[in-house]
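Residues 1 to 144 in the working numbering are what the sequence shown lists, from first letter to last.
Among the hints, a few may not be true.
With a straight-line cut-off of 27 Å between C-alpha atoms, the simulated BS3-like cross-links for lysine-lysine are [what the hints assert, rightly or not]:
(1) 72 - 85
(2) 72 - 95
(3) 72 - 87
(4) 85 - 95
Please keep in mind that the hints were generated in silico from the structure rather than gathered at the bench.
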Amino acid sequence: MPEAFSTHILGGIMAFVMGIVTMVRLTRNMPKKLVDANHYSSSMYCVDTMMKNEKQLPAPAISNSEYYAMMKRMSDLEDKVTLLKRKPVTMPAEKEAMLEAAVSRIDALEEQLMATQRALQEALVRQEELLDYIEKKKRKKKPV
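Generate coordinates for the entire structure from the input sequences, incorporating the hints supplied.
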């Protein structure tokens, strides 16, 4: 019992010391002044250097006719989406009937499969009984 207790204490002390060492190492890398902290946390940090390195591409020119054609297509697409949203989410009657027929066929096949399995099991039991009967007859015929 004292050995287990001492290992728990040693583990706790090690965890505490490692926590302190970790905190010291992390605080060394933090900025010293509040101004630096604000500079590093701003969203524009490093953006200037990135902008200098990147070449700005010229914006592609879109004519008014292309813009209006695109807006018309977008409007048509929005109309189609709203129309589809309004439709009830139901299956057509013929597909529902096909699904019902398929499910009933599956149920019938499952029943036939179960009946076949039962018949095979009964045949196996009968075969084992016949083999036992034949073995007994052979033993009675050959007295040694």
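Open item on the list: When the structure is checked against the list of hints, which entries are broken? Sort them ascending.
Closed with: Per hint list: single violation, 2.
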